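K.L.:
Please model the entire structure based on the sequences and the hints provided.
So the protein sequences, as listed, match chains A and B. Residue numbering for the first sequence follows the working numbering, starting at 1 and increasing by one per position. Residue numbering for the second sequence follows the working numbering, starting at 443 and increasing by one per position.
No lab work stands behind these hints: they were computed from the structure. Computed from a prediction, not measured in an experiment: that's the story for all the values here. Heads up, the beta-carbon is just placed ideally off N, CA and C, and yes, glycines get one too. Hints are not guaranteed to be accurate.
[Said to hold, decoys possible] Simulated coverage check for chain B against chain A, where a stretch passes if three residues somewhere in it have a Cβ under 8 Å from a Cβ of chain A:
1) 679–689
2) 776–790
3) 812–822
4) 831–839
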Amino acid sequence: MRIPVDTLRLANGLFVTLSEDHTAPIVAVNLWYHVGSANERAGRTGFAHLFEHMLFQGSENVGSNEHFELVQRAGGTLNGSTWLDRTNYFETVPSNQLALALWLEADRMGRLLPAMTQQKLDTQRDVVKNERRWSVDNQPYGSWWERLPALAFPEDHPFHHSLIGSMEDLSAASLDDVATFFATYYTPDNAVLSIAGDFDPAEARRLVEQMFGSIPRGRGKPPLPSMDVPPHFGGPKREVVEDDVMLPRLFLAFRSPLFGSDDYYAASVAGAVLGMRKGSRLHRTLVRDRQVANDAGAFTFDLTKGSDLLVVDVTARPEVSAEALEREVAREIDRMHRDGVTDEEVERAIALIETDFVAAMQSASERADQLSRFATYFGDPSLVNEQADRYRAVTAERVTAFARERLGPDNRASLVYVPKGDGRGERDEGRVTAVQGMGAAS
Amino acid sequence: MSGERSSPAAGAAGTSATRPSSLSPRPSPGAPRPYQFPRFERRRLPNGLGLVVASVSKLPVVTVLAVVEAGASTDPEGHEGLAQLTARTLVEGTAELEGAALTDRLERLGTALDASADWDAAVARMTVLSSRLAEAFALMGSVLMSPSLPEREVQRLKAERLADLLQLRAEPRGLADEMFDRFAYAPTARYARPEGGSDRSVQAITRDDVARFYAARYRPAGTTLVVAGDVTPDAVERLALDTFGQWAGAQAEPAPPSDAPAPVGRRVHVVGKEDAAQSELRIGHVGLPRAHPAFFPAVVMNALLGGLFSSRINLNLREAHGYTYGARSEFDWRRGAGPFVVSTAVQSDVTDAAARETLKEIDRMRDEPVSAEELSLATSYLDGVFPIRYETTAAIATALANLVIYGLPEDYFDSYRAKVRAVTAADVQDVARRHLRPDALQLVVVGDPAVVRDPLEALAFGPVTVYDAEGRPVG
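P.N.:
So, in structure tokens, the structure goes:
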């Protein structure tokens, strides 16, 4: 399966990717801005995401509630999301509404600030604080989102701090911050625009040039501090969190090769061997055979700077203690670290990954997002067509080499949730007892 | 990678420094290009097995759903959760293959067979590359026709369900949904109890119950295979004959839905979660069955009330007041009357205010007709978004499964957009007046009683009762 990929770069630096598909009269528009929580300054955690909310508050020619309304009235779907190193905005619309989608994106890229008011900022600040309560504070295990990166990256590292942000920092965000962030990061030369689906290429190029061409290039963005970290944690790290939960749960992270590197694909397959679907090692041994876990999975963060993280996520059965769960998981990790994986396991993992990829690429929105992703990270959207081959090139030897290199005891960070009152170690003021360097398990 | 935060949003107008760049006028749409929902064919094998096939050849992938007349509504009294447990046990081994080996065979074909039961049907589903369809199809056949239903896996899956129920006690969203059902329906109604069963009913289920339920309900005449993707109807019929041709058994009767509403007026139910960072709020009552003649007006009305981002409830609670990250209303469409419910999570100290605003919006929908402008937001959205809903084989197959489960007319998808556009402002107000019933609303809050109880009493909505996380009254 290959999808067509064409590109275009405007004089102001905007990189555009185009992928035609006329099977249905719909088109996806997708913008990646190369800015995320990593770019936040001290004292402004959560700002990249709060700013994302502000982009739906109208722009010079778009009223307060209009952005959503215009797209929905056109029969479209839309949203945005913020990640550690990027922010994206996307809509899928009937193909006769392509111009509207592009115009809305261009108006907010070029002319956002005239629509910004203190009242809008205050309201979105409240909305985001409620998003934090909903997804982190009032959700069992919800704090893993901020605790795991904090455990896995050193304190001054751009990936260390909370993406959703602290209540204090959200309270401190000002309209000046909005103006500065906009001028610094929301510029055409820091963005990729992708269009996928049913469009006429000449018409799309003309619209893009007309709507985005006059937006001035940025003045460059401040360099991030060094992202480099050693490939291993240098010893086991461990944090125990007493939370309002009923069952212990372990997040076990490993530093792993950067997204897009050759070794990434071996790491990704190792993650699938460990935790993808019911035939994976962790599910087979811990959920099915030994019945010590209620659920088991694994995933990668897909980071392209510093280090990626491979994370194993296992929830205990009611009668199983956190220590026992950690021991059981460590046994499986040790086994893979020591003995590697088989051809059959790799074949299973790659087959599942390939089907998921093909099924996902049926959607115009997914195509556009992948094009933006590879264009943003590597300047080459056609890499989307190489993903299946890169996975197929992964051998058991390479996965075994990865396991030997990265799954050892010196590269494990454990975030352990235990039901309140079950905490080992002392309880201090808060709910958290952080015990670093105690030895993950075994 | 999961783990992204999504947002959306809006406010007033103001000024600030801007970049000089040219204005371009708002574009108007071109002529819409035609769209047809994928053509599909229905066939039936001599043993009664139904086939629905849509050829969609965009990418080399196929989705297969086996839809069986064995949903949670057919659970025997006292054994709620049996339908779900039976569906999940199906994929734990067959006469020829032990469970782990079966999983391995399927996953090495790049697919996974997931089986579960919702209220109206049990569904086994898989998406597979078309080159591997035949092998995967044969495995799906043995799962449906000769599952071994091993004792050990029945006990394990029971234990996993019990662990899930335990987790729910500390999970405010799921707990609020479960408690809402419990308070909105009569205690004897099946819909009052969780689809997957409660602690007690799941404990009571034995392997023999599973085997008996399977034997009674998994029959060719009560099963339809829905296939969408890169395959022809003839090829599917050949595969189905080869695989399922010898399967025998008469059709089991569908169970009548059990959807009696709670026999009381308005009540406030506070499910206590001390120190909760937020209140999970549910406001609603028993809604309408899927086959109700007012389906289209109800869908349009709900879109305007709380179905869309730009709906009244979301704009009020989120964009005007900043009480919440989001608020929505929905009709849960089932064969019986599923719930109509408004769901949101709000800052604890505005729980009463959020409830008051929601009630106001429900009243306003009943009291005044919507403007033509507002009506067209919902109708043009539902009309325009229609093709976007069916981009994938999984989405097409799921839509066709609903056709089967709810007995919708053959031209349902072809006439959908016209029926949406035909809904008038009078229809919307009429459906709101008849089917939004302020006197029957139940208000459920999972939150901190110390913060929310007094303000909710002061709201004077109805008597307030406080419960623990198991639903036992404590005050």
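K.L.:
Now tell me, hint by hint, if it's right for this structure.
P.N.:
Hint-by-hint comparison with the structure:
1. 679–689: The restraint on the segment 679–689 of chain B is violated, since only 0 of its residues have a Cβ under 8 Å from chain A and three are required.
2. 776–790: As far as the segment 776–790 of chain B goes, the hint holds, because 3 residues have Cβ atoms under 8 Å from chain A.
3. 812–822: Answer holds; 3 residues pass the 8 Å Cβ test.
4. 831–839: holds (count 5)
Consistency note: the structure conflicts with earlier hint 1 alone.
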